[in-house]
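*Asks:* Protein chains in written order, with numbering that gives the first Met the number 0: chain L, 0 to 466; chain W, 0 to 161.
Simulated from the structure, these hints should not be mistaken for laboratory data.
Note that this is a predicted model, so its numbers are computed, not measured.
Ideal Cβ placement from N, Cα and C applies to all residues, glycine included.
Treat the hints with caution; some may be incorrect.
Stated by the list, open to error - Here are some chain W residues pointing at chain L (derived, C-beta under 8 Å):
#	residue
1	32
2	33
3	37
4	58
5	122
Now for the letters of each chain:
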Amino acid sequence: MREIQEHPILKLARGKEIWIKFSGTPIRAYENETVAMALYREGIDVFTESSKLHRPRGMFCAIGKCSSCMMRVNGIPNVRTCILPAREGMVIEKQDMYGKLPESIEDFPEPCEIYTDIVIVGAGPAGLSAANILKDFNIRVLLVEQNPKLGGQLIKQTHKFFGSENEMAGTRGFEIANILIQNIKDSNINYKTDSTAFGFYPDSTLAIFQNNQLLKVHSKYFFFATGASEKMIPFAGNDVPGVFGAGAAQTMMNVFGIKPGKDILMVGAGNVGLIVSYQLLQAGINVKAVIEAMPKIGGYFVHAAKLRRFGVPILTGTTIKEVMGTKRVEKAISIGLDEEFKEIEGSEKEWNVDTVCLSTGLMPSVNLLSQAGCTLKYVSSLGGYVPIRNRELRTSRETIYVAGDVSGIEEASTAMVEGKIASLAILEKIGYATGREKEKNIEELQRLREGPFSSKIVESLGEVTYE
Amino acid sequence: MNDWATKGYLEPGEIKTTLPRKELLMKHLIAISECIQEIPCNPCVTVCPLKAITMKDINAIPVIDYEKCNGCGKCVGICPGLALFLIGIKNGKGIITLPYEMLPLPGKGNEVYLLNRKGERLGKGIVMRTVIVNKQTKSSLITVLCENEDDIYHIRNIEIIK
C-alpha cells in the first residue's frame, strides 16, 4: 500500500512474506521488516493511545529511541515495535494504559553473564569505526546494537558524504556502512543486534536485553556510541500520527522502502531537514515546503540548492503553529516570525499535507552515561547534556569512553574519526603500541573542524574538553 | 547576511569566481563550481585526473583551473553537494552536463524541460548523453543541448516531460 516501487539509488528487496496479527486482524509482513514498519506499510497509522487523554499515537522516531510505538507483543507490554523484527504468527495489540506483565514468565530465558575487555554500545559510524580498529588486536570486543541491523543511522544515508578520502568522502553513507559492517562480520568481533543496553549498575555491570533475555556484561572498558534522538518541539497537534522525526521518514524510505506520506511539510532547514527533503523527492514524494524559524538556512548551501532546483520552497522566518487531524495529519498551519521570534499575526499559511516531518535538532542519548555517573554538562549548541571528556574522548570515569553524537551533535564523518581516536586511546591504555595513529586522527578531526561551519562546535567542545 | 543563505540558490550575479573564457567553452566542456561555502569536503580535488581542481585546505572553496580541465566530468559525478557542472558552447548553442539522481532517467534524444536554480522552467532542451556511473556511489550525468548559448549560465536542472 505504501511501498516504494523503484528508487534511483537503492535496490529495494523485500524478504519472505509472513503474517502477523494486529488487534485480531491478519497483517502481511516481510522478513527483515520490523513490526511497526509492517503495520505502517499496510496503512495503519494509529498504534496505541495516550494513557490519560486517549489520544491516538503512531510512530515518531522509528529507531528505538522514543516510546511512541510501544505495543503489546505476544502478551508482553511496552515493546518498541519499530525495532522489533516481525516473526510469523506474532500477536500485536494496542496496549492498555501502562501495560501489565503476563502472569507466567516462561518466555524469559535465564540471565547470562558475559565477560569482555571492551563493550561498544551502538554500532553506528562511531561504534563501527572503533570496532574496525579493535578487530585487529588480540582483545575481546563485544559490540551491541539495539536495532536489527548494524550501522546505526549510516544505513539510511543515501547521499554522498563530505569530508576527505580518509572518511570515504564522495561515497554514499550506506555504502560506507556496508564496508564497515562487512569488516566486522569477517572479524572475530562478537556482535549482537536486537540488543538494548538499558542499565549501568554501581558494580559496573552493563545490563542488556536481547530477545527477552537479560545479558549482564562485565567489561574492562566501556565505549558508549549511543547516538542521539530527534527533538520534539511544542505546537498544537504535535502528537497526531503523521508527525514524524525527519530521521524516521528517512528510515521508512531508505531502510524499509516505505513511503512516509504523500505530501510533506518539512520543519527545519538544517542539514537533516534539507537532506531528508531531497531524499523524499527521490522516493517520489511531494515536498510542499521546508520551513525554518531562523532568518537563514541552517544547513549547507549546497543541500539547499539541490532542493531549490527542484522547485521546493524554503521559507525562513517561519515556524509550525498547528497540525490538525483526528487519526492522521490532515492539515498543517505555519506562521511567520519577526526578528524577535514572535509570531506575526495574519501570516498564517495553510498546508494540505498528510505528513509533517520535524528536523528541529538532535539530543545526545546520554542516559547510560548519566547512570554510570559520568559528569555531564548542558551545552545547547551540542544538543543538550554531553559528557565532559578529554581529547581522547575519555569521560570523567577512567574506563568509560564516548564517540559520535552522544558526545555532542555533529556529523557522521567526525563521529567516525572520534571512534578511531577513542579506540586507539583504549588500546594504548591496555598496552598496545599504535604508533602515531591516534595523533594522526586527532589532527584529522581538527582539520575537519577548521571551517567556519564548525566554529561554534569547536568553541562549545572547548567547554566540555579538559586536558 | 548573504542573500543565498536565506533563499537557498544563487543569482547569476552572486557567483564570484570568474567563468571560463568563451574561446575555451567553444573547444570542449569545462567544469564550473557553485560550491561557495567553506565546508570540510574535497573529493573533487582527489578525483581530478589532471589536478585541475585545487584547495588551500579541506575547508576552502575549490578553485578550478579552466585551462587544465578537459571536461571529463569525474568531479561532477563525485561531488557530494551536486554543485559542479560542465558547460560548453557549440554552434551558438549551450551544452550543460549536470548531476541527476532521480527517476526516470531521460535517454539520449529525449526532450526535457530545462530548469533554473529555483526549479522554474526556462524552456526545453534535448538530452545528448546520459551516463549512469555506478549509481550506488556516483550521480548519473545528463548532458543537455540548449537553444541559447546563455542558458549555460542559468540552467541547473531538468524535468522529464510527461
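*Asks:* If a hint holds in the structure, say so; if it doesn't, say that too.
*Replies:* Evaluated hints:
1. 32: 10 Å, violated
2. 33: 7 Å, holds
3. 37: 5 Å, holds
4. 58: 3 Å, holds
5. 122: 15 Å, violated
Hint compliance for this structure: hints 1, 5 are not met, and every other hint is.
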